[in-house]
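**Q** If you want the building blocks of each chain, they are given just below.
Number of protein chains: 2
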Amino acid sequence: MSQSQSRLSILLRRRPSGAPRQEDFEPRHDPIPTPGPGEVLTRTIFLSIDPYMRGRLSDRPSYAPPVKPGDVMTGETLGEVLASNDPRFTPGDVAVGARGWQSHIVSPADRLAKVDRDGAPLSAYLGVLGMPGTTAYSGMTDIGRPKAGETVVISAASGAVGSVAGQLAKRAGARVVGIAGGADKCLFVQQDLEFDDCVDHRALDLAAELAAACPNGIDVYFENVGGRVQEAAFSLLNPFARVVMCGMVSQYNEAEFPPGPNLGFVVGKRVLIQGMIVSDKPERFAEWRTLAAPWVREGSLRYREDVVPGLENAPEALAGILGGRNFGKLLVRVGPDPA
Amino acid sequence: MSQSQSRLSILLRRRPSGAPRQEDFEPRHDPIPTPGPGEVLTRTIFLSIDPYMRGRLSDRPSYAPPVKPGDVMTGETLGEVLASNDPRFTPGDVAVGARGWQSHIVSPADRLAKVDRDGAPLSAYLGVLGMPGTTAYSGMTDIGRPKAGETVVISAASGAVGSVAGQLAKRAGARVVGIAGGADKCLFVQQDLEFDDCVDHRALDLAAELAAACPNGIDVYFENVGGRVQEAAFSLLNPFARVVMCGMVSQYNEAEFPPGPNLGFVVGKRVLIQGMIVSDKPERFAEWRTLAAPWVREGSLRYREDVVPGLENAPEALAGILGGRNFGKLLVRVGPDPA
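If you read the sequences in order, they're chains X and L. Counting in our numbering, the first sequence runs from 1 upward without gaps. Counting in our numbering, the second sequence runs from 1 upward without gaps.
Just chain X, same shape as in the assembly (with noise of 0.2 Å):
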């Protein structure tokens, strides 16, 4: 793990097929760069690897242009600064913001933001206080508004981003109820995340359980998966409810997306859906850090990591989480923290 004196870089080989797979990356080492002005250079300690990052490797439209094959795969990275061109960065600080499944990554200082080493652990500015923690609070916040005594659902419960919007909900007074893959997720979702319930979204009869969790129907839904899941939650909503669709990860690999719910309910129920990016309201995300780092370190916002050690294991782990593999918010370790 420690620092070679070389750069590694994976790049898209070509455009997968279905779920990515190993062959569809390649390594590249180059030598370590030099910053330009204004540019940093930061060494690469953690790589966050999320569910979106299948867009990118796709040509189908999107709201972000794909990365191209030969081109380095894109990513949000935490490192530390190893030399800088710019006065607000200086060797030894930590950073976020700089893109790419990279050990070593040349920025305009523009890009990034220092990170306070004893605010949190490190990976947490990547995770439940970064862009995932971010679209919880953004999406709860614009669009869910969960009041108490609401039922608030949560697919992908025990992910980086139901984990926080599951929590708000909670904090905000409401029945909330998780829908995760697996016993150990949903034991993980109730006991350590404090949700009221949890259903295994691999139940026979999802709806029928899904039902039975929420005897008052749903208010909310905060949707990541899509699919049967969405079904289920969608039978159950309220007059009034709101949508937030945040993703629908059952379906990234897929090629051709399966037809989706008659929309007839929506009119007589008044519902809500919209869809969100976290980057569409920016000023949410020091919003979020300010509001969360507290709760971070005194204990009371969970969140559970997994981190993958090397980077050249990141197509791995990006194909986890795309089958939800995973279990908690999803990094790779590039590099040691800092001395």
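No more than 20 Å apart at the CA atoms, straight line, and that leaves these computed lysine to any residue pairs for SDA-like:
| # | chain 1 | residue 1 | chain 2 | residue 2 |
| --- | --- | --- | --- | --- |
| 1 | X | Lys281 | L | Pro239 |
| 2 | X | Lys281 | L | Arg270 |
| 3 | X | Lys281 | L | Phe240 |
| 4 | L | Lys68 | L | Ser9 |
| 5 | L | Lys281 | X | Asn238 |
Think of the hints as simulated: they come from the structure by calculation, not from any bench.
Since the structure of chain X is provided, determine the placement of chain L on it from the hints.
**A** Then chain L, alone, in the frame of chain X:
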């Protein structure tokens, strides 16, 4: 058309299977009733026929309770006060709010609103200035929010709701494209309502024709229809588009609903899809009458009415609106205008 000395009521005889038919209803003649304390007797001049009525004929769960077989069918009327036990109404007044497929109706005075006989043609208070007009106003004000330069698509564009929704979007400076059934309706939508374009939903390749009419995509879609019209419109939605879910009349006669759109696009495009029922914001009714009555008087807000003579023809009129055979706001003429 003169008033008889007995009351005619149209009762639901049995729940229709598929399209409602005359035999699903039955007439009843009985004496004209006398209003009790706080009540008002009106003789009906116009009965409004609206697509939502199909929901009242079914025992499928809905936002409002169904009409039971043997009960008088529900519907909004405009009528002349014949007798009043409330100081706010005197014989000769014209009022809206009495409900029922009946030639004479006794209502609590609180349910009625007096109509300004010089403000607009009486029928307008059931259409362009009434519930359908208010629906369009509320949907555009609270959900659609069209902006200058945006593209707004209106399904059932020649209908009571769609015709107002599109004219409101024109007033907001949007490019407005209607979808309507047949060349006559499309001509009316373009020439009389002055929409920028109109597409016939019976076109073989509706999606291609709609795409050609919306070269910049769709920013607001006002949904009255569902089915393949919805599919065509959804495929053209722009990032941050708003969908006003007002109705899906194409499936109201269906026992089983077809699948709907895969909702993956909602996330990446941050689309908002929201259902509405006009009665959720009752304050919009008076707001709209105040705003729009001058437009109706000056002729700048256009509308078309389709008037069916005779209360006994209300069942056929309802079947017609569900099949798109009306042309403009559908009304049943039950009795003559006041002298």
